[in-house]
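> If you want the building blocks of each chain, they are given just below.
2 protein chains.
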Amino acid sequence: MGKHTPLVQQLIDALRLLPSVGPKSAQRMAYQLLERNREGGMQLAQVLQQAMQKVGHCQQCRTFCEGQLCQICTHPVRGHSAVMCIVASAADLYAIEQTGLFAGRYFVLRGQLSPLDGIGPAELGLDQLAKQLAQGQVQEVILATNPTIEGDATAFYIAELCKKHQIQVSRLAQGMPVGGELEYVDGSTLSYAFSGRKPF
Amino acid sequence: MGKHTPLVQQLIDALRLLPSVGPKSAQRMAYQLLERNREGGMQLAQVLQQAMQKVGHCQQCRTFCEGQLCQICTHPVRGHSAVMCIVASAADLYAIEQTGLFAGRYFVLRGQLSPLDGIGPAELGLDQLAKQLAQGQVQEVILATNPTIEGDATAFYIAELCKKHQIQVSRLAQGMPVGGELEYVDGSTLSYAFSGRKPF
Ligand SMILES: [Zn+2]
Ligand SMILES: [Zn+2]
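If you read the sequences in order, they're chains G and H.
Oh and the first sequence: position 136 is 136 in the UniProt record's numbering, straight run, nothing missing.
Oh and the second sequence: position 5 is 5 in the UniProt record's numbering, straight run, nothing missing.
Among the hints, a few may not be true.
If several chains are the same, the list does not tell them apart, and a pair holds so long as it fits within one copy or across any two.
List of simulated lysine-lysine pairs, BS3-like, C-alpha gap at most 30 Å [unchecked claim]:
{"id": "1", "residue 1": "Lys24", "residue 2": "Lys3"}
{"id": "2", "residue 1": "Lys54", "residue 2": "Lys164"}
{"id": "3", "residue 1": "Lys3", "residue 2": "Lys54"}
{"id": "4", "residue 1": "Lys163", "residue 2": "Lys54"}
{"id": "5", "residue 1": "Lys131", "residue 2": "Lys24"}
{"id": "6", "residue 1": "Lys3", "residue 2": "Lys198"}
{"id": "7", "residue 1": "Lys131", "residue 2": "Lys3"}
{"id": "8", "residue 1": "Lys198", "residue 2": "Lys54"}
{"id": "9", "residue 1": "Lys164", "residue 2": "Lys24"}
{"id": "10", "residue 1": "Lys164", "residue 2": "Lys3"}
{"id": "11", "residue 1": "Lys164", "residue 2": "Lys198"}
{"id": "12", "residue 1": "Lys163", "residue 2": "Lys3"}
{"id": "13", "residue 1": "Lys24", "residue 2": "Lys163"}
For the record, the hints were derived by calculation from the structure and aren't laboratory data.
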């Protein structure tokens, strides 16, 4: 008898798709929504559906965007900046924007090179990046990939691309904890790593 | 510029409706779903919507149920048991079922008396409970409300009701941590409290 009803069990299973949600907290979430906040549950369902369907990616920098170009790419100055910061994910872009330190443009890889997982240059939009670098507007690239094996490989690959186009390239100082992920680095460490970036 | 797009921000806000989800983890959930698992996000949206709309309550014991009566109430033996365990929530019923110790019927209050929050006897279905007790089938009531002020008040109220109908009434031994909530008590403590229950 110690079983959830089928729909409650399905809800618990679906909530476990969220990062860091184990069986016990998924159950607590399901029961709390059902018992105390069905309206909230319905609202979450609706917003989830809309976001999954309507949030796309900026055609220039590949960050999350609901139209064709994001706020930064349509900005009259930033969108044509000579300095481009290349990050692994939209979350990393957000973390850097929070520091307020950088006023150039971005390119969001949405991943890092990882041949074993089938993530190669095409998946990271590196053809698109190469085209942008070939246009001659970008004079400096700041590589902000993670200080991990995949991040190193990705940075190396892009650095070669930059050198081919005579673009100055640097990488964030490894003041970041080695093996860590940029998204979780605190703002001051990130600021330090930003200003202490080294030529590649 | 350090802003999420409107839909992403809405999604982060909606995820914070879940218990114990702060701004940082809501952002992580939103970004991860958008970047890596849109299908999972759509599935969660659909299941959420269905569960919020279709999960109702058992007409006899008030636990979560998708039909009129739950599995326990429709069970040929348990549904007519002479022993009734009264719990504050469906989560508490689930926790007791997990111990496998109890083979009677339940009544789920879906709350505890708390006049300041507007929760009185009507909200807890105590009229419905009184009718069931008046039918004469129930000979023993086990009160499993939380060891808190509200749980004490609720237990006291129901104990009076039981005495009126000459029904034997006991309450779970306070082997449970005082001030704690039944749902979070580990199985062995709960088993101990169950077998050590005292006449009320
Ligand atoms: Zn953009
Ligand atoms: Zn029932």
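> For every hint, state whether the structure bears it out.
So, going through the hints one by one against the coordinates:
no., hint, verdict
1, Lys24 to Lys3, "within (14 Å within a copy, 33 Å between copies)"
2, Lys54 to Lys164, "neither (37 Å within a copy, 61 Å between copies)"
3, Lys3 to Lys54, "between (37 Å within a copy, 17 Å between copies)"
4, Lys163 to Lys54, "neither (37 Å within a copy, 60 Å between copies)"
5, Lys131 to Lys24, "neither (49 Å within a copy, 35 Å between copies)"
6, Lys3 to Lys198, "between (58 Å within a copy, 28 Å between copies)"
7, Lys131 to Lys3, "between (57 Å within a copy, 27 Å between copies)"
8, Lys198 to Lys54, "neither (39 Å within a copy, 58 Å between copies)"
9, Lys164 to Lys24, "neither (53 Å within a copy, 39 Å between copies)"
10, Lys164 to Lys3, "neither (62 Å within a copy, 34 Å between copies)"
11, Lys164 to Lys198, "within (19 Å within a copy, 82 Å between copies)"
12, Lys163 to Lys3, "neither (62 Å within a copy, 33 Å between copies)"
13, Lys24 to Lys163, "neither (52 Å within a copy, 37 Å between copies)"
Consistency note: the structure conflicts with the earlier hints numbered 2, 4, 5, 8, 9, 10, 12, 13.
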